[in-house]
Amino acid sequence: MMNNKSQVASALLFIMTIVLIITSIWTMVSFNSKLDSQSENLSQMMFEIKFNELYVMQQTQIIFQESILSCQSCSIEQLKEKIIQIAAERENLNKFEGAGNLYAKFRNSEFEISQSGSSYNLKINNLFVQSERGYNKIQRNFPLEINSQKDL
Amino acid sequence: MIKNKKSQLGKGLVFVPILILLVISLTIYLFLASGITLLKKPSPQSPASSISYENNLLLQKVKIKINTQEKEFTVLDVFLLRINQKITDLEIKNALETLRQQTGKCYLLSASPSQYVNYFYSNRDTLYDSSFASKTKDKTNFLIIKLNNQDLEIRSYFGEC
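Those protein sequences? They're chains A and B, same order as listed. Each step along the first sequence adds one to the number in the working numbering, with nothing skipped, and position 78 is 78. Each step along the second sequence adds one to the number in the working numbering, with nothing skipped, and position 128 is 128.
What the hints contain is simulated information worked out from the structure, not anything from laboratory work. Positions of the beta carbon are idealized from the N, C-alpha and C atoms, including for glycine. Treat each hint with caution, since some may be false.
[As the list claims (entries may be wrong)] Partial selection, computed: residues in chain A whose CB lies under 8 angstroms from chain B:
(1) 7
(2) 25
(3) 48
(4) 51
(5) 96
(6) 97
(7) 99
[Said to hold, decoys possible] Residues from chain B that face chain A, not an exhaustive set, calculated with beta carbons under 10 angstroms:
(8) 33
(9) 84
(10) 90
Just need the whole structure built from these sequences, with the hints factored in.
Here it is, written out as structure tokens:
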């Protein structure tokens with residue numbers, strides 16, 4: 001009688017081990033290891049954010065340079081008006097969504113221009129660019145300062 | 001006392017083969033689990049290639065004529081102007097060719113805004129020029145932008161010829 005009881009306990013130990021082994025193997029086999037698409041999305045978002053930031057810098061430089069060239073004997077206020085006008089023209093011609101709030105900043109005159117000697121300084125605060133994929137979203141905020149002598 | 005000793009001996013005798021079976025099955029499990037770990041290894045993408053003004057075609061500045069006035073644009077803007085039919089094929093080709101002459105770098109730019117339209121610009125033949133195709137293979141940038149509420153994938157390369 002005692003022998004039978006010990007046999008049942010030992011057999012149960014073995015059966016439970018086998019059940020646990022099968023369960024864990026099944027969990028491992030059914031695990032979806034295809035993380036490529038998720039990883040690719042994140043990689044693409046990081047690339048886009050950096051690209052958009054650089055695009056905003058290039059676009060601001062182009063607008064600033066064109067404004068200075070076409071308004072050489074202008075006052076600071078006139079130059080500011082010129083920048084708003086040129087930015088609006090470019091926005092109407094071609095609006096790239098990755099530019100974030102750049103055109104809104106120009107439209108709402110939310111930028112500063114200062115003059116030191118023969119060079120002009122353009123400063124825009126709280127610019128942002130963003131990238132979205134499904135439920136994921138990245139937003140990068142940054143200020144931008146361009147000097148007509150150093151950067152153009 | 002004798003009974004107890006007997007039962008202990010019986011217990012031991014039954015437990016030994018079970019113990020051997022357990023050791024064998026756990027060893028098999030260990031090998032199986034290691035094999036599966038190797039097979040099911042996640043393969044994450046390498047981080048996005050480094051991006052700068054110099055190595056990205058779409059961020060280069062080029063000049064084109066718009067309403068009889070020559071203006072500076074980024075290549076991305078010029079390409080979008082082309083897709084929106086605001087400039088001609090020749091104008092974008094000339095702008096890219098001027099850029100190639102100024103920098104000495106080769107370029108590739110393409111996108112398919114619809115099933116029937118494909119824009120493709122390159123100064124080298126990527127289909128038959130295998131050396132150029134191998135150079136562009138890993139250094140081509142893919143940018144997905146929204147155009148007319150649709151995703152548009154722009155493929156670009158700017159570098160060694």
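Tested hints:
A cut of 8 angstroms between beta carbons decides the hint on residue 7/A: the least distance to chain B is about 5 angstroms, and the hint holds. Hint status for residue 25/A relative to chain B: holds, with the closest Cβ pair at about 6 angstroms, below 8 angstroms. A least Cβ separation of about 7 angstroms between residue 48/A and chain B falls short of the 8 angstroms threshold, and the interface hint therefore holds. The beta carbon of residue 51/A comes within 6 angstroms of a beta carbon in chain B, closer than 8 angstroms, and the hint placing it at the interface holds.
For residue 96/A, the interface hint holds, the least distance from its beta-carbon to any beta-carbon of chain B being 7 angstroms, beneath 8 angstroms. Hint on residue 97/A holds. Least Cβ distance to chain B is approximately 5 angstroms, under the 8 angstroms limit. Given the 8 angstroms rule on beta carbons, the hint for residue 99/A is violated: about 10 angstroms separates it from the nearest Cβ of chain B. Nearest Cβ of chain A to the Cβ of residue 33/B: about 6 angstroms, under the 10 angstroms cut. The hint holds.
Interface restraint check: residue 84/B against chain A, minimum CB-CB distance 7 angstroms, threshold 10 angstroms, status holds. Below 10 angstroms, beta-carbon pairs count as interface contacts, and residue 90/B has none with chain A, the closest being about 19 angstroms; its hint is therefore violated.
Consistency note: the structure conflicts with the earlier hints numbered 7, 10.
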